[in-house]
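Colleague: Listed below, chain by chain, are the residues.
There are 2 protein chains.
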Amino acid sequence: MQIISVSLAIFAITWNVETTCGLFTFKKNIHSLEIFLDNRLILKHTSAQPAVHLGVGTASYKNNHGNFDISSTLSDRVSLNSFTVLENEINSTEVVSASNESFIVNFFHDLGTPSIYLKFSNEGLISTISVNKITGGKYNRLWLKFWADPKETIYGGGEQFNYFSLRGRSYPMWAREQGVGRNKSTIVTYFADLIAGAGGDYHTTYWPQPTFVSDRMYFMHLDFSFFSLVNLTNENCHELELWEDIAQAKFHFNTAVTWKQLLERLTDFLGRQPTPPEWLYNGAVIGVQGGTDEVLQKVEELQSGGVKVSGIWIQDWSGKFVTSFGKRVYWNWQWDPTMYPRLDVEIKRMRKLGIRFLSYINPHVIKDSPMYQDADAQGFFIKSKETGKTQLVDFGEFDCGTVDLTNPDAYKWYKNVLKGMLEFGFSGWMADFGGEYIPAEDAVYFNGRSPKGMHNSYSELWAKLNKEAVTEAEKINDTFIFMRSGFGRSPGYTLVNWAGDQNVDFSYADGLASVIPAALSMGMSGMGFTHSDVGGYFSDLCVVRTEELVLRWGEMNVFTPILRTHEGNRPNRNWQVYTTEKTIRSFARLTQLYTLLTPYHKFVAKEVANHGYPAQRPLFFHYPDDPSVYDIKFQYLYGSDLLVAPVFLEAQRTWQIYLPPDRWVYLWNGTEINVVPDEEGRGITVAVNAEIGNPPVFYRKSSDFSQLFQRFAPYVVYRPDDSSNLTWHLLLNNPTIFIFLIFRKVFWYVFLSV
Amino acid sequence: MQIISVSLAIFAITWNVETTCGLFTFKKNIHSLEIFLDNRLILKHTSAQPAVHLGVGTASYKNNHGNFDISSTLSDRVSLNSFTVLENEINSTEVVSASNESFIVNFFHDLGTPSIYLKFSNEGLISTISVNKITGGKYNRLWLKFWADPKETIYGGGEQFNYFSLRGRSYPMWAREQGVGRNKSTIVTYFADLIAGAGGDYHTTYWPQPTFVSDRMYFMHLDFSFFSLVNLTNENCHELELWEDIAQAKFHFNTAVTWKQLLERLTDFLGRQPTPPEWLYNGAVIGVQGGTDEVLQKVEELQSGGVKVSGIWIQDWSGKFVTSFGKRVYWNWQWDPTMYPRLDVEIKRMRKLGIRFLSYINPHVIKDSPMYQDADAQGFFIKSKETGKTQLVDFGEFDCGTVDLTNPDAYKWYKNVLKGMLEFGFSGWMADFGGEYIPAEDAVYFNGRSPKGMHNSYSELWAKLNKEAVTEAEKINDTFIFMRSGFGRSPGYTLVNWAGDQNVDFSYADGLASVIPAALSMGMSGMGFTHSDVGGYFSDLCVVRTEELVLRWGEMNVFTPILRTHEGNRPNRNWQVYTTEKTIRSFARLTQLYTLLTPYHKFVAKEVANHGYPAQRPLFFHYPDDPSVYDIKFQYLYGSDLLVAPVFLEAQRTWQIYLPPDRWVYLWNGTEINVVPDEEGRGITVAVNAEIGNPPVFYRKSSDFSQLFQRFAPYVVYRPDDSSNLTWHLLLNNPTIFIFLIFRKVFWYVFLSV
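One line per chain: the protein sequences are W and A, in this order.
Counted from 1, the first sequence has number 158 at position 158 by full-length UniProt numbering; the numbering is strictly sequential.
Counted from 1, the second sequence has number 43 at position 43 by full-length UniProt numbering; the numbering is strictly sequential.
Chain W extracted, bound-state conformation (with noise of 0.2 Å):
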């Protein structure tokens, strides 16, 4: 017995051959392969667990008002339990050596067949994981299962709003509603399941995007547009899900030193956002609608209560009708003269002022309106392969036709439409939308491309359109453009993204809280300019806005890139930045604080254009020494030098704050904390007064803007002059909102107390 082990000790030995290409190394014996990327183990491959399996299902994708339920039926999976390395060519015999350029791994069944040619190859500093020919059948799902340390943080996924460290869950690749309360055991979720289908889940977003990034310092970006699941529930890999035509997968990587060099490195690939135009640290963009008269008429009674006003934001620009979700906008781009009389003039009296005007667009276009009869005429439309006509989509009570951004013609003419937006003198708009309603069963693009693939390709599309009629018109520089919905390159295409529709709430899945997670995500994702808007969006039953809510998402969008405020889906029914006088008096303050920040606004976007570092960061990103801060999702670093840990539940009036081992000073009374390491290297936890109006933010001491932020001091003295006495104050001022909450508590108590 002891000879043959040692026999076969010998034997394995024997074997062992370690080969590279570029970035990647190859080390084989007879049984496992095992595959580097620059020293770090990322693929590991043994008979018994094999990385690879090819299979065949057919999935379906059922569109309920941008809410997809999407399934798979499995027919066959087979385990790629074998392999061979070759060089560079396919069906050469199997010579392993060394090569500058390419290599082609073959993993196979034990019969020989299927298999899968797999090429890795490195161009620039980039090296890529693609797949070359697979055999023995028409397959359609492939299974990848990257290497994983037990230990390893993962990051990115695009816009994620419940978790920033991502293991332990999966994530489907599909752009979507994110959903209503998203989060399956409240009881928001589960009237929106019941009423709409519309509940959400932890994973359901607007902009999901294959990039992630490792505390092992790489970053991965799978280049492919149909549907795919990454599972990161397992402790030893992160298996990547294809499905349909998985021949067009092409994974990307590139490793680093550090976070710094892994973001720039990452944004370099993927594209950077130019800065910001600088008329937006001018005060807050005001979103306000109901024609000329009223608009003007709320702004300048913000204005006269001391808020600072950088632009008005009228989404219903081209018109309005009414359906049961609210007011909507009459979908149809072209200014509404009867509902916005003079508007070109006081546009440009406005600009004087120093006060842009924003509207709103998108990429559908309502039927029957006279822009549809032009394009649906001209065949602008993605068509329907049923009835080869305009494939129209369902927005709940009125259907649209979409523009087929594949159509050169169709991509001109749209572009034309963004850039006479510019001309008549808008300064930006949400370009909202992307690909979430688009049908994935029945659509036919002018390019022919198949629509599961093309779905979440729409949103990269829409966000090129858009950055290329700003830039031809040369207005990049001055435009505010904003977007909800992204995939794979919308980092390199999108300008400023913005969270999408929050409940008017203090939920941790879709309320205030979720924006925090959702901007560090981005920001790992490559997207590093992001914003949300001030007191959510969505309110339905018993969903309504406070002032409370209004004020404390105001108070931490002041420590973000852009301030920008909306009415929600119901405006009447919800507390607004002009309900009271004293809730204007109190977000003057807010905007005033944000203008005061303009010199480091402007530092923390050079930083995010020229280098990828994202606005809002994790704590590790700067404090990478300190254990405790991979899974903090709830503070970030605005830049490099303040801490932020915003207030996001109801009724608080102190909150706790983790400080990284520096010297901070708290920015409302110049109190210095001197954070020394513990012998882990962690810092400490901090409870700060924090009344409404005094987030809780440190800066660095050593900042280049302590003089700067030294000026925030003097605005401690704001208390809220009635918080005691709320409960009236509601009451005389809002009645609905009152009786909805006192609903809800007594609902909450009586069923939650038996």
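Everything hinted at is true.
Copies of the same chain look alike in the list, so a pair counts if it fits in one copy or across any two.
Straight-line C-alpha distance at most 27 Å; calculated BS3-like pairs for lysine-lysine:
hint, residue 1, residue 2
1, Lys138, Lys28
2, Lys44, Lys151
3, Lys44, Lys138
4, Lys62, Lys184
Derived by calculation from the structure, the hints in this document are not laboratory data.
Place chain A on chain W using the hints.
Modeller: This is chain A only, laid out in the frame that chain W set:
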């Protein structure tokens, strides 16, 4: 081209071979195999649409108080697209010829492996497909696609509460708690999931049974106790997915000309239930508890109000203790003389008065009790592999050992416990539970079988033990034992089923309505005697029992084999048959109707015992030519002569009933309706008066029991005397129920009217 097609056609024809083995006929050509069962196509295999797949997976069975979370990760799934038909022996050369004994078909992957050898054999009336051999790897997943007609209907599956006609959904075969609410769209299910993970779903059941009958007049019974999934969602196949030790699988078949013959043959195969004891027809079995005096006082109160009582069921005979779920029985199966003084004497006294006593038992024994210590010392409990000691099962707030019924000594010991209950004087008991709570992952049985396979089998063993105990004591015709849990062969062992723990409400998925499809599906699975708790069982939060529910449930159960009440899990908070004098009066009338029906009850019972025609039958059982009846799940025939349409919603004064073509007489006033079939063979729907106490029931005019049924008409005089004033009545008699119901109404009104 023309020439080629012709020659191919000739080639194909040449290859068509047909051969027969018992009921099975095989038709094959080069690319396809069709297998017929007595001229019914049951399996169609082509290389493009293979009928058999093998796979490898790992499963997890998480037990949360009997609510299992079952998931599987699939590693491989291989289409076995080729086949050969072998005569008798594996490895013989391919000779296709007739044989009366058995055939083997080898399905294999194109490349030769993996492969599975399925044996087709016939024994007596039963034709069987069994797994003979699997080659090419360690496979633990098998998918078998049986051919389906798109219009075919399928019934059975054990006890299915939501759907009677099963196609369009998947049914896991796993004994577990049925859950609370059982419909993810209801708020009750939502809270049950939120608070305890116990909401259940449409398929969760105590009694899954892989037995199915088809309207193409064949049955299939799968002998396989590991987890299986019966996927009836496809138009063209019924797919059975088997996990774990797939080599044990056996699929048994038979055919028939009529439903009667089919059920007779199915119950010939599974075994039939003997007639229940005739003393049951003396009245209702009253579920009461609390001690000798309290029990006797309540029964006396009921009797003096005119209630006919056949038995007193005291579930707490062994003592009680309190948990947050309510009062719980002390699971040490010995008389508690402190709580029930003189019980031994009272049993004898009451028996002379024609009233029996019944008790309660289950296969679990509470930790540290005298019985536990005794059995633990002898090693009579199922053990944990991890600890080597008794595997404790968590029942919420107490732990139990479970008797290892595979240990012959333990089996004998527990049988004697049951016999002891008979000797003490009990005339039956609720034999609660079965496999539901037994862990599938860490359990060691005396017989060494895998706990994953024993979980379901345990329910069969527990029923077998009960039947043997009463048979050996020669009291099978005098004893009423009722069980909720079952599996594969349970119909041959269980005496009477009861439907388990319904919510005390009018919900479709877990209330009064749900026990109707439950009874019908049990009947079509070969279990002919079922019944349910009058008024349901589970109460919590706003789910509270009203007088209306008790009376509606009672009036339905008059027309079932057994009338038995239950106080539910929270007796004080819920309406009881003894709550007011008026309720006693109303319930007294129902017991009178039930006893009035005695000759018919006996007639129906004999049909169950002698032929396996279930007591509660779907309409198609006797009216197969009417195409309207195949989807009816809330109406049934009690025996062949009574057509019952229970009122299962609140506040109904009229109710619709479907009458198939026949001469029908309305039970409550003798109105005759002669239903003549229309050109498609359909009957008609009529609306009848449905005051509480007058459930819609018709009898066949040609029934031998017409005279008996005519005696019901005088009872129609009954009217609820205060139905118009029910709210005040409730407030005065049970303010707790009143408050909950008012709150529930307000809650729904406010939420759903917004």
